[in-house]
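> If you want the building blocks of each chain, they are given just below.
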Amino acid sequence: DTEVTQTPKHLVMGMTNKKSLKCEQHMGHRAMYWYKQKAKKPPELMFVYSYEKLSINESVPSRFSPECPNSSLLNLHLHALQPEDSALYLCASSHLGTTRGNTIYFGEGSWLTVV
Amino acid sequence: GENVEQHPSTLSVQEGDSAVIKCTYSDSASNYFPWYKQELGKRPQLIIDIRSNVGEKKDQRIAVTLNKTAKHFSLHITETQPEDSAVYFCAATSRGRNTDKLIFGTGTRLQVFP
Chain C
1 DTEVTQTPKH LVMGMTNKKS LKCEQHMGHR AMYWYKQKAK KPPELMFVYS YEKLSINESV
61 PSRFSPECPN SSLLNLHLHA LQPEDSALYL CASSHLGTTR GNTIYFGEGS WLTVV
Chain G
1 GENVEQHPST LSVQEGDSAV IKCTYSDSAS NYFPWYKQEL GKRPQLIIDI RSNVGEKKDQ
61 RIAVTLNKTA KHFSLHITET QPEDSAVYFC AATSRGRNTD KLIFGTGTRL QVFP
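Protein chains in written order, with our numbering: chain C, 1 to 115; chain G, 1 to 114.
Please keep in mind that the hints were generated in silico from the structure rather than gathered at the bench. We put the beta carbon where it would ideally sit given N, CA and C, even for glycine. No false leads were mixed into what you were given.
Pair ranges (Cβ atoms, derived):
1. G:G41 - C:E3: 17 to 27 angstroms
2. G:N67 - C:K53: 28 to 38 angstroms
3. G:E79 - C:T16: 49 to 59 angstroms
4. G:G55 - C:R63: 38 to 48 angstroms
With these hints in hand, go ahead and build the complete structure from the sequences.
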């Protein structure tokens, strides 16, 4: 099973709302990622968790707050977003520890629209 | 940090022709180079990857080559079909202290005309 599951698939939220994106994997991966993808652009790395600890934050604004409750789950809490934050948010996961790189598997993404 | 450049940005070929997409990377410590295909409205799907201890890898109509000295790698698709039409992203992974960091190229929109 190489499945990374994301919910919701589509989300429309106002600029004053608080919402969360959820991600789950059962492949035993100990690294989990959030990427943001705008139209016609490549995915951009936002956060990386390794062994449930935040290991990379790519200078993401604090209105995005990640959380890794356990090794299978990853959340992205959203608060006071701007219309320019509208994008496809991709969760991904991979193993850790091999010497020559680990395959990263993407979920189907959550389409976020901020109005 | 790692920087990945990808060319061309668009590529149009006739069905049955070959397509080649090229990428260069900046971090000599990068050791893993996947290629993703992304169809409109879908997630990026891994189609092939190559690790730094290998110079070439092939999977049916798709092949990837890696030149570590020149820091470039290429995707080759032979006998293209209309269903190969998509955006293709190369990527390079550099090892952090605890985590791999995957950095994408800017993408190539491939159109295969019947």
